[in-house]
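Participant: Read off the chains here:
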Amino acid sequence: MSLASGGLDLGSYLTWLARRQEVVASNIANADTPGYRTRDVGMPGDFSSVFAQFTPVVEEAQGLVTRNDGNNVSIDRESRLLAENDIRFNLATQLLKDKIKGIRSAIEEGRSS
Amino acid sequence: MSLFGSISVSASGMEAQRIRAELIAENMANADTTRTPNGGPYRRKDAVFTTAPVQNSFAGTLAEFNAGGTQGVTVSSVTVDQSDPERRYLPGHPDADADGYVAFPKINPAEEMVDLMGASRGYEANVAAISTVKDMIGRSLELFK
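Chains as they are written, first to last, in the numbering used here: chain A, 1 to 113; chain B, 1 to 145.
A couple of the hints might just be wrong.
What the hints assert, rightly or not - Okay, the calculated beta carbon distance ranges per label pair:
#1 B:ARG121 to A:GLU109: 21 to 27 Å
#2 B:GLY92 to A:THR66: 50 to 56 Å
#3 A:ARG80 to B:LYS106: 35 to 41 Å
#4 B:ASP81 to A:ILE100: 56 to 62 Å
Said to hold, decoys possible - Output of the computed footprint for chain B on chain A, the stretches with three or more beta carbons under 8 Å from beta carbons of chain B:
#5 71-80
#6 85-96
Said to hold, decoys possible - Dumping the calculated DSS-like pairs for lysine-lysine here, alpha-carbon to alpha-carbon at most 30 Å:
#7 B:LYS134 to A:LYS97
#8 A:LYS101 to B:LYS106
#9 B:LYS134 to A:LYS101
#10 A:LYS99 to B:LYS134
#11 A:LYS99 to B:LYS145
#12 B:LYS106 to A:LYS97
#13 B:LYS106 to B:LYS45
#14 B:LYS145 to B:LYS134
Calculated from the structure, these hints are not laboratory results.
If you're wondering where the values come from, they're calculated on a predicted model, not measured in any experiment.
All residues carry an ideal CB built from backbone N, CA and C; glycine is no exception.
All chains, please: the whole structure from these sequences, using the hints.
Facilitator: In structure tokens, the structure reads:
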């Protein structure tokens, strides 16, 4: 049994989430910077790619309204992503924790936990 | 880069918004100042925000360049309002000119207050981002407990 069992690589999912959180933090910090364009980390589009490695690709977010100063950061969108990432991270760490627990139990020959 | 990188990015946002709020406070405090060391009335100041990398190590900057995307913010310059000051008729004033007019700073308190609210909300948003990331780091530390 490995940490990537079941095909889902939780480690790289966490990396992807951390990268996304970084981009969201960058968008929030630049919410008042003239000419700044909102960035986003590409979401694995189809379900099959969820089982492959996540490679975070930063791109410009589409479909946002540009203000007069050339900035298109929507603070509502960013707060939603902030909350969403937090929940996703919570879920992924919980799953990983359970897996680690399983491995530990095997190491200790099932005596503990 | 890691989750700690996001904290630096948000901290740069907090710093920029704080400088902006400081300038607004300065503008409001000097709304009626008619004398300055450079002569003439006080002139309104405003912060100019520019994106800036938050990494100061070479490796960090290189990683950022390769990955793209995360940029902090910095106050690149402070603009000083160069428009004509407001002239008020106050003949008894020590700074009055020959016609009895005194040059006052062109500062609109309503405009400054709205700007201050913007700075305060921006600061709050960055604080919220930091606390979320802090929770995430905390949870990843608990993985091996």
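Participant: With reference to the structure, classify each hint as holding or not holding.
Facilitator: Against the structure, the hints come out as follows:
For B:ARG121 and A:GLU109, the hinted distance range of 21 to 27 Å is not satisfied, since their beta carbons lie about 56 Å from each other. For the pair B:GLY92 and A:THR66, the supplied restraint of 50 to 56 Å holds, since their beta-carbon distance comes to about 51 Å. For A:ARG80 and B:LYS106, the Cβ-Cβ distance of about 40 Å falls inside the hinted range of 35 to 41 Å, so the restraint holds. The hinted range of 56 to 62 Å is satisfied by B:ASP81 and A:ILE100, whose Cβ atoms lie roughly 59 Å apart.
Against chain B, the segment 71-80 of chain A contributes 3 residues with a C-beta closer than 8 Å to a partner C-beta. That satisfies the three-residue criterion, and the hint holds. With 6 residues having a beta carbon nearer than 8 Å to a beta carbon of chain B, the segment 85-96 of chain A meets the requirement of three or more and the stated coverage holds. With a C-alpha separation of about 18 Å, the suggested pairing of B:LYS134 with A:LYS97 holds against the 30 Å cut-off. About 66 Å separates the Cα atoms of A:LYS101 and B:LYS106, which puts this hinted pair outside 30 Å; it is violated.
For a cut-off of 30 Å, the pair hint linking B:LYS134 to A:LYS101 stands: about 24 Å separates their Cα positions. Note on A:LYS99 and B:LYS134: the hinted pairing holds, with a Cα-Cα distance of about 23 Å set against a maximum of 30 Å. For the suggested pair A:LYS99 and B:LYS145, the alpha carbons sit about 12 Å apart, so the restraint of at most 30 Å is met. Taken as a hint, the B:LYS106 and A:LYS97 pair is broken in the structure, with Cα atoms around 61 Å apart against an allowance of 30 Å.
For a cut-off of 30 Å, the pair hint linking B:LYS106 to B:LYS45 stands: about 11 Å separates their Cα positions. As the CA atoms of B:LYS145 and B:LYS134 are separated by approximately 18 Å, the hinted pair is consistent with the 30 Å bound.
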